[in-house]
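Colleague: Each chain, letter by letter, is given below.
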Amino acid sequence: MTSTLEFRGAVHQNLYLAEGARDVHAVITVDACGDLGATSSAPPPDAAEVLILDCSGSMGFPQEKIKQAKQAAGGAIDELRDGVRFGLITGSVGAQMLWPAEPKLVPADARTRAEAKAALRRLDPAGGTTIGPWLRLAGQLFGEHPSAIRHAILLTDGRNQHESFDELMATVRDCEGKFSCDCRGVGTDWSVAELRMISSALQGTVRMVESADLVEDFRAMMATSMRKAIAEVGLQLWTPVGATVRFLKQTAPALVDLSTQRVDSGALTGNYPTGSWGPESRDYHVCVEVEPGEVNEEKLACRVTVVHTSADGAEQPLPQTFSHTEPDGTINRFPHARVRAIWTDDLAQSTVINDKVAAVTGRGELAQALQDGLAAHHGGDSDRAADYFSRARMLAEQFRDDNLLARLDQIYDPDTGTFRLNRMSAEEEMSLDIESTNTTPLDRD
Amino acid sequence: MLAKFCRRCTESVARRDRYCEQCGAWVADLWRDRVEVDIGIAAGVSDRGHRHHRNEDAIALRDIGLSLGSSAQRGVAVAIVCDGVSSSARPDEASEVAAEVAAEVLVAALRTDDNPAVATREAIRAAHQAVTELASSVEDDSDGASRAPACTFVSAVVVGNAVTVGWVGDSRAYWIPEIQTNSAPARLTRDDSWLTQVLAAGTLSPAQAAADRRAHAITAWLGRDADQVDPHVVTIEPAGSGVVVVCTDGLWNYLDTVDELAAAVPAQALAAPLDVARLLVEIALHSGGRDNVTVAVLPFVCEPIGACSPDTL
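Those protein sequence lines, which keep their order, are chains A and B.
Quick note, the first sequence lines up with residues -8 to 436 if you use this note's numbering.
Quick note, the second sequence lines up with residues 21 to 333 if you use this note's numbering.
A couple of the hints might just be wrong.
To be verified - Interface residues of chain B toward chain A, partial, derived using beta-carbon atoms under 10 Å:
{"id": "1", "residue": "ARG38"}
{"id": "2", "residue": "TYR39"}
{"id": "3", "residue": "GLU41"}
{"id": "4", "residue": "GLN42"}
{"id": "5", "residue": "CYS43"}
{"id": "6", "residue": "GLY44"}
{"id": "7", "residue": "ALA45"}
{"id": "8", "residue": "TRP46"}
{"id": "9", "residue": "ALA109"}
{"id": "10", "residue": "ARG110"}
{"id": "11", "residue": "ARG167"}
What the hints assert, rightly or not - Some chain A residues flagged as far from chain B (calculated, every beta-carbon gap over 10 Å):
{"id": "12", "residue": "ASP22"}
{"id": "13", "residue": "GLN62"}
{"id": "14", "residue": "MET88"}
{"id": "15", "residue": "LEU96"}
{"id": "16", "residue": "ALA105"}
{"id": "17", "residue": "ARG113"}
{"id": "18", "residue": "CYS166"}
{"id": "19", "residue": "ASP204"}
{"id": "20", "residue": "ASN262"}
{"id": "21", "residue": "GLN307"}
{"id": "22", "residue": "GLN340"}
{"id": "23", "residue": "THR352"}
{"id": "24", "residue": "LEU396"}
{"id": "25", "residue": "ASP424"}
If you are wondering where the hints come from, they were derived from the structure by calculation, not from laboratory data.
Predicted model only: the values in this text are computed from it and were never measured.
Even for Gly, the Cβ is constructed at its ideal location relative to N, Cα and C.
Just need the whole structure built from these sequences, with the hints factored in.
Modeller: This is the structure in C-alpha cells:
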C-alpha cells in the first residue's frame, strides 16, 4: 500500500508515576500531511459515495426543508471527482434507489451527475423514518467496491421508527468497517443519540444543520471526503505482558471511545480501526494499566503505530514520525509513538499532570456534565440539571472551550448566576447535546 | 533485533528498541552502569564513570574457538569497543548496536574466511549500516540540528600469530609486550581527531593544539551523518607474548602515552586479563572518571618455537 499521506504526531504525558501506581495516561496527537493536488503524480484513490436522503413525509414540512436538501445533494454531487462511484438512496420506512435505478454505484462524469441531479428533482417526501434499512442498502452497494474509500452522507429530520434503538445498533455494528458515514440532522425532531451512535461507530461526524446551511455543509462534507487518501487506517497498540489497555479514546475532532472496537492482532497487539484519512488532525487519549515497576525503573507501557490493514487482514505501518519531548527538553522522534512510565518516590515529579492530558480529561468531563445536565433536565430534576450545567460552564471556562461557553452563555443569566433551563429552546438543547462531543484538536506546540 | 537478558523476565528476550518485547522493562541501560565480561581468553570492563548519568560505551567479546584449523592452541578472541558520541541522539544505543552487530559479522566472517583484515572491514561496514538504520527516524535537537545516533569503533582479533585491529574514531588499541626488552609497547591505532589532523598538518605546536577546545573532537565515526566510513585496519605479528589493550578515551584521557599505559599493565597480565581490565578502569575512575571508561584485554600467547615470526614488533 503506497500512501500519499505521512503521519506526524507527538506524545504528551508525564513520564513519572508514583510508587505502585498502575495507570499510564498519554495524549497522542496525529496529523496526516500530504497533498493529493496537482503536485502529486499518483492517481487519485478509488472512492465510492452514497447519499442517503430522508424523504419521509415530514421532510416536506416546511417545503423549504426538502428544497434545500435536494439542492444540497446536488451540490455534493458536483463535488465528486470524475470516476468516483456514487449513488443516491432515499429513505422512508424502507430504502429505495433514487439513482441509479438498479442497486449499484456508477462512476461520476458530466452525464451521470446530470442524471442524478434530475432524479433528485423527482424526489417526493412521503412515509415514515426507519434508518436501519437505509444503512443496509448502503452497505450492500459499498460491498461491490471493497478496495475503494467508502463514504456515505446520511440526512434525516426525524427519529427512528418501527425498529428499536438496539435493532438500529445491530445494523450499525454490521456496517462497521464497510463504510464511513457522516450524519446530519435538520430541524429538531431527530434524535441526537441515534445519529451520534451511527456516526461514532461509522467513523463519521454528526452535526445539526439548518435548512439554509445544508448546501454549504454538504459541499464541504463532500470536499473533505474527496480529499481522503487512504482507507482502513488503524492504530496498532503493543502493550507488555500483564498490561491492559483501559481505554483508547479519540478526543478530537469528536469524542469517540474506540476501546470496544479493538481487534486483537497478536499476543500483545491490538488494532483500533480509525477509518479513512485525508490531510487532517486527530487526537487520542490512551490509558494503559501496567504492572508497577520499582522506583527509578522505566517501562514501555505502550507502542502506538499507525497501520493500514489490507483486504487479507495484514497490517502494514504507514509512513510516520512521532516526537517525544524528554524531561530535559530533548526531542526524540521515532517511527511510532512510545508511552512510557518511570516510577519515582518524588511526589513533585509524579503529581504533575501533563497539560494536554488534563485538557482532554477536562473536555471529557465537560461533555459528561452537559449530557448529565440535559438528562436531569429531561427527567424534571432542575436542581441537579443546574448543578451539572454550572460545572460544565466552569470546565468550559477553565479549558477555554469557546464554542460550548458561548452556547452555555446563551442560557446563562450572569446576574443571578443561574441557567434558564425551562426557556431553553429545543434547538439550543439539541445543539448543546451535539456539540458536547464535537471538539477541536489541541494546539500543536 | 537484539537478544538481551531482561532482568524482569527470566529469559533472554527479543527487543526492537530499548524495551523488553515481553514485559516492557527498560533493558538498554540498567545492566550497563558496570559491565564485566570474561571469556577466559579475553576480558573487559565497561564503567559509567563518575560524571555521566549513563554508560554510552559498549563492549562485545567473543571466543570463536579453534575452528580455523591453525596450529593455535588457544581460541580466536574478538573484542569490540564502541563509544557513543555524546552530542548525538541515543549514543548508548548506537554503541551497543555497533558492538553487537560487528561482533556477529566478525565471528561469521572469521568462520568462513580466515583473513581477519577483510573480516574486520566487513564488520565495520555492517556496524556503520546498523547505526545508520537507528536513525531511520529523523532526530533533531530543539534547534533543528541533526543529531543522528553515532559512535566510535575499535576491534581486535587475536588469531594464531597475528593481531588485527580496526577502528574509526578515537577509541584505541595498544600492544603491550610481556617482556618489554623483546619489543616496545606500541599504540596500534591513530585517532580520527582534530588534534591528529592538526599535528599532521604541522600548523600548531603540540602544546597549542592540545590546548584547543577542538582537540578532542573526532573527525570520523559510524552513523548516518558520517560522510564516508573509511575503516582503518592494521595487522601485527608480535615476536613474543603480550596483551592487546582496547579502550575508549575514558581510559586514555588519563593514560595518554603508550609508556604510561605500559607502566600500568602488571607483569602477570597474560594470565589474568580481567584483573588487568579492572585495574585500568580503576585507574581512570580514581583519576576522576570524567567519562565512561571501557577496557578490553586480549592476551596474545606466543606459540612454541617457530610459530612467532622473529621480525616486526
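Colleague: Measuring from the C-beta of B:GLU41 to each C-beta in chain A, is the shortest one below 10 Å?
Modeller: At about 8 Å, which falls below the 10 Å cut-off, the nearest Cβ of chain A leaves the hint on B:GLU41 intact, so it holds.
Colleague: Taking the minimum C-beta separation from A:ASN262 to chain B, is that value above 10 Å?
Modeller: A:ASN262 is indeed farther than 10 Å from all Cβ atoms of chain B, at 18 Å.
Colleague: So A:MET88 supposedly isn't at the interface. Is its beta-carbon more than 10 Å from every beta-carbon in chain B?
Modeller: holds, 49 Å
Colleague: Classify the label on A:ASP204 as holds or violated, using whether its beta-carbon is more than 10 Å from each beta-carbon of chain B.
Modeller: holds, 43 Å
Colleague: B:ALA109 was flagged as interface toward chain A. Is the shortest Cβ-Cβ separation under 10 Å?
Modeller: Hint holds; B:ALA109 Cβ to chain A Cβ min 6 Å, cut 10 Å.
Colleague: Is A:ALA105 truly not at the interface, in the sense that its beta carbon sits beyond 10 Å from all beta carbons of chain B?
Modeller: holds, 49 Å
Colleague: Against chain A, run the beta carbon of B:ARG167 and see if the smallest gap drops under 10 Å.
Modeller: holds, 9 Å
Colleague: Quick one, is the B:GLN42 hint okay against chain A at 10 Å, beta carbons?
Modeller: Interface hint status for B:GLN42: holds (5 Å vs cutoff 10 Å).
Colleague: Using Cβ atoms and 10 Å as the threshold, tell me whether A:ASP22 really stays out of contact range of chain B.
Modeller: holds, 16 Å
Colleague: Compute the least Cβ-Cβ separation between A:CYS166 and chain B, then decide whether it is above 10 Å.
Modeller: Fine: 36 Å to the nearest Cβ keeps A:CYS166 off the interface.
Colleague: Interface hint check: B:ARG110, Cβ to nearest Cβ on chain A, cutoff 10 Å. Holds or violated?
Modeller: holds, 7 Å
Colleague: If you take the shortest Cβ to Cβ gap from B:ALA45 to chain A, is it below 10 Å?
Modeller: At 5 Å from the nearest chain A Cβ, B:ALA45 passes the 10 Å test, so the hint holds.
Violated hints: none; the structure is consistent with every hint.
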